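Now for the letters of each chain:
Number of protein chains: 2
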Amino acid sequence: MAVGTATAAWVRELEAALGADGVLIDPDVTAAYARDQAMFAEAGMPAAVVLPRSTDEVVAVMQAAGRHGIPVVPRGAGSGLVGASNAVDGGITLVLTRMDAVLEVSAADRLAVVQPGVVNKTLRDAVRGHGLFYPPDPASYDWCTLGGNLAMNSGGLCCVKYGVTTDYVLGLEVVLADGRVLRTGRRTVKGVAGYDLARLFVGSEGTLGVITEATLALRPAPRPPVTLVASFGTSAQTGQVVEQVVTSGLVPSMLEVMDRTCIRAVDDMLRADLDRDAAALLLAQSDSGGEVARAEIAALTRLCEAAGADFVHSTDDPAEGDLLMTARRMALPALERLGSSLLLDDVAVPRSRVATFIDGCDTIADSSGLVVGVVGHAGDGNMHPTVVFDGGDPDQRARAFAAFDAILELGLSLGGTITGEHGVGTLKADWLERELGPVSLDVHRAIKSALDPAGLLNPGKVFRTSRAADPGAVAGLAGAH
Amino acid sequence: MAVGTATAAWVRELEAALGADGVLIDPDVTAAYARDQAMFAEAGMPAAVVLPRSTDEVVAVMQAAGRHGIPVVPRGAGSGLVGASNAVDGGITLVLTRMDAVLEVSAADRLAVVQPGVVNKTLRDAVRGHGLFYPPDPASYDWCTLGGNLAMNSGGLCCVKYGVTTDYVLGLEVVLADGRVLRTGRRTVKGVAGYDLARLFVGSEGTLGVITEATLALRPAPRPPVTLVASFGTSAQTGQVVEQVVTSGLVPSMLEVMDRTCIRAVDDMLRADLDRDAAALLLAQSDSGGEVARAEIAALTRLCEAAGADFVHSTDDPAEGDLLMTARRMALPALERLGSSLLLDDVAVPRSRVATFIDGCDTIADSSGLVVGVVGHAGDGNMHPTVVFDGGDPDQRARAFAAFDAILELGLSLGGTITGEHGVGTLKADWLERELGPVSLDVHRAIKSALDPAGLLNPGKVFRTSRAADPGAVAGLAGAH
Chain A
473 MAVGTATAAW VRELEAALGA DGVLIDPDVT AAYARDQAMF AEAGMPAAVV
523 LPRSTDEVVA VMQAAGRHGI PVVPRGAGSG LVGASNAVDG GITLVLTRMD
573 AVLEVSAADR LAVVQPGVVN KTLRDAVRGH GLFYPPDPAS YDWCTLGGNL
623 AMNSGGLCCV KYGVTTDYVL GLEVVLADGR VLRTGRRTVK GVAGYDLARL
673 FVGSEGTLGV ITEATLALRP APRPPVTLVA SFGTSAQTGQ VVEQVVTSGL
723 VPSMLEVMDR TCIRAVDDML RADLDRDAAA LLLAQSDSGG EVARAEIAAL
773 TRLCEAAGAD FVHSTDDPAE GDLLMTARRM ALPALERLGS SLLLDDVAVP
823 RSRVATFIDG CDTIADSSGL VVGVVGHAGD GNMHPTVVFD GGDPDQRARA
873 FAAFDAILEL GLSLGGTITG EHGVGTLKAD WLERELGPVS LDVHRAIKSA
923 LDPAGLLNPG KVFRTSRAAD PGAVAGLAGA H
Chain B
473 MAVGTATAAW VRELEAALGA DGVLIDPDVT AAYARDQAMF AEAGMPAAVV
523 LPRSTDEVVA VMQAAGRHGI PVVPRGAGSG LVGASNAVDG GITLVLTRMD
573 AVLEVSAADR LAVVQPGVVN KTLRDAVRGH GLFYPPDPAS YDWCTLGGNL
623 AMNSGGLCCV KYGVTTDYVL GLEVVLADGR VLRTGRRTVK GVAGYDLARL
673 FVGSEGTLGV ITEATLALRP APRPPVTLVA SFGTSAQTGQ VVEQVVTSGL
723 VPSMLEVMDR TCIRAVDDML RADLDRDAAA LLLAQSDSGG EVARAEIAAL
773 TRLCEAAGAD FVHSTDDPAE GDLLMTARRM ALPALERLGS SLLLDDVAVP
823 RSRVATFIDG CDTIADSSGL VVGVVGHAGD GNMHPTVVFD GGDPDQRARA
873 FAAFDAILEL GLSLGGTITG EHGVGTLKAD WLERELGPVS LDVHRAIKSA
923 LDPAGLLNPG KVFRTSRAAD PGAVAGLAGA H
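Line order of the protein sequences matches chains A and B.
Just so we're aligned: the first sequence equals residues 473 to 953 in my numbering.
Just so we're aligned: the second sequence equals residues 473 to 953 in my numbering.
I should point out that these hints are in silico values taken from the structure, not numbers from a laboratory.
Please read all numbers here as calculations on a predicted model, not as lab measurements.
Treat the hints with care, as some may be off.
The list cannot tell twin chains apart, which means a pair is met if one copy fits it or any two copies do.
[Claimed, not checked] Listed next, the in silico SDA-like pairs over lysine to any residue satisfying Cα-Cα at most 20 Å (straight line):
{"no.": "1", "residue 1": "Lys-593", "residue 2": "Met-797"}
{"no.": "2", "residue 1": "Lys-593", "residue 2": "Thr-798"}
{"no.": "3", "residue 1": "Lys-593", "residue 2": "Asp-614"}
{"no.": "4", "residue 1": "Lys-593", "residue 2": "Ala-778"}
{"no.": "5", "residue 1": "Lys-593", "residue 2": "Ala-579"}
{"no.": "6", "residue 1": "Lys-633", "residue 2": "Ser-578"}
Isolated chain A (complex conformation) (with noise of 0.2 Å):
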């Protein structure tokens, strides 16, 4: 979509803030902006993307979306799973990943202030020196930018022990769809002056503000980690030994478990000798560090021998430990070798349904006709079951959706959530409203409402704006002027 005359003159009021290089709207380049990682998530094209440098050039963008009525996708580095930075059609997309400063490493306090461009490997690395450890490690942390992780509340391997994004955050700057400036939340480790509003725009997916800074707590560095393999014959064995743990109080620093359908394809890819007969297979970690986490995995051990585990080995070679932990890096990529089209879901069930669960994606697959492949964050019960299907085909992809929907359902009748750590977006806006349920929604319009009373952050994610609106009739707006 080229942008006409009738819209020039906001672009010239971005190029005069932002410079020439801040404002791309040839369509060959802003297509690239379009959408993220989710394939079948709702998009539209941009108008404009913008690349500030700064908090003010932030400022100036979100003045002049407002003074046009112009709606505004913030942006990371495009690495979600759901289209919560999918572009809306004539809108505003403000990427910002040249806001990539790590501005502060504390030792004495803990503590990193960053921009929220830096690449979440990029605060991992500068931190390291330090001793010190920032948890949260979404699968693309290698390339996933902080404000995306602060957007979504990402989360990654190491919750069952760490926790997620929100869990780390201390204070955050948040340019307001007004174009003011909060500053909000502290350095302190603790604190209550207020609500805790940087815990609100944690997790809102951009509709409520956008984030140009944010004081995040940092850990100590963990310890070399003892792994540990495991595979069973039946799910039910693997959901008792993630049950066992929970109630024994065992805090593994990891532990993932992935299905026969996925056993078989990263076997297939890798010929990693896996055992191609066992129904789950789990790998664990400790980092708690020498004797203690050896006393961990032992314990572990004997949980799995007593569920009738078919195989248990553990080592404490971080070298070895990588290799196993490959298995589980590999089963994204080992789907994909199995159809042209994947549709990767994020439920979270209480722990005590793990076993429930993953049989559950079982008869789905069965009834569906499709791979469903299952792999997960079973100490938290954070499970992806994946659909595997040709997505040029119309009644299989008809028949994954159907599958993807009645995954959903299968989480929320098991006390579940539709999503664990990959957000709502597009994607699963229509299911958000059925797990809130009427009053839960109200409010959620009511809080949009008095933070971004035009409607200009990100329309049409999460959740409908109101009950009457059509985020499409928003973004619309934007030919208007």
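Put chain B on the given structure of chain A with help from the hints.
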């Protein structure tokens, strides 16, 4: 204040919904509900005190309050320290102590579901048999309620390792200002479906809704503690230890400090043979168990010795550890013996500024001519300087309030916050405006207005509802109905 004929209609409505024994209007009885433990915070007199037994009864109270425009002050045990549950003149004080059931303890999902009137210690005791632990432990844990802990986001001694109340909240049921019932959050460990509303209500001091049920995460029970005590000739040495604990990656389960004023007051009371010449005493514990705990305390011992401690002693005998902790627990009662009145402050500073803060409090004590004793959770920088004075002497009183303000000023100047864990209430509402600044205050007001447009919930607490409004004027409306 008696309830006149003009207000009788709403009282009869409340009696019809709650039963006569659920509605108290005798001023001799209701006076007991006028204030919490903050001696000097603003307080009015309630026109009625209601004691609902169920969420439905809370709904009935909010509906009646809405129909008649009567302000409502939610209240737990009244153990607060900032007047957050102090009555407003002519309002309803909504006491939640009768809703005191532990509804569920799930070892398999490591969580508990509770009503708001459950006493903190009751939950701790209820989960102990499952090998579980609810960490937040305010000093009043044996009589304060979880509803109050949630409303205030309470902390305690174990925050340095385990975090505060909000870190344990998975889901909430909240009765909104208009009587609708919001259920928000989840039973799963992870979840990002929609805004983090639960953590918005936590710490909002009853200004956004009435919490009627909570789903709380639990942890594995800690191991018996190893305890260390060390005394120092200068507070700078203490600060050095705190800073080195942080930078070295040690995470004790407790790290407390007492200054010379407190040491001497406690020694006078307990004849405990404390080092009366020490500038500060550090008390620390590790609950990691066995060799790990002994190694952590040994590392801490080395840090204390390197900083030039006059005396270091540690023990893994829990009874001896308890005895050492008595000195810390008795600090406030010991200070109370020194004067008729106390002003207990609650400033959190970055951990690197603990020593500077203690020294600053000394200077403030000298210049005010009053005793200021400092105890604090050194490990998380949350300090409780306490001004001791004769409340009957107007000159001392004025100097005490000036010292109290000077301590807040000092905290802010060191990058700290005016409240680490006690909250704002009426005591610090003016200071809150100073800490947050105009943009954050506007956002607070916008959210308050979105959720409670009539301003019925706990008016005048935390912050002034609008720039122009006088909270007394809202409370005064009650008389007009």
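Evaluated hints:
Taking the closest pair of Cα atoms, Lys-593 and Met-797 come within 20 Å of each other only inside a single copy of the chain (18 Å); across copies the shortest separation is 42 Å, beyond that limit. Within a single copy, Lys-593 and Thr-798 get their C-alpha atoms as close as 18 Å, which meets the 20 Å cut-off; across copies the closest is 46 Å, which misses it. Taking the shortest alpha-carbon separations for Lys-593 and Asp-614, only the intra-copy value of 5 Å comes in at or below 20 Å, while the best inter-copy value is 45 Å. Taking the closest pair of Cα atoms, Lys-593 and Ala-778 never come within 20 Å of each other, the shortest separation being 38 Å inside a single copy and 35 Å across copies.
Taking identical chains as interchangeable, the C-alpha atoms of Lys-593 and Ala-579 lie at most 20 Å apart only when both belong to the same chain, with a minimum of 18 Å there against 36 Å between chains. For a Cα distance limit of 20 Å, the shortest separation of Lys-633 from Ser-578 across copies, 19 Å, qualifies, whereas the shortest one inside one copy, 23 Å, does not.
Going down the numbered hints, you'll see the structure goes against just number 4.
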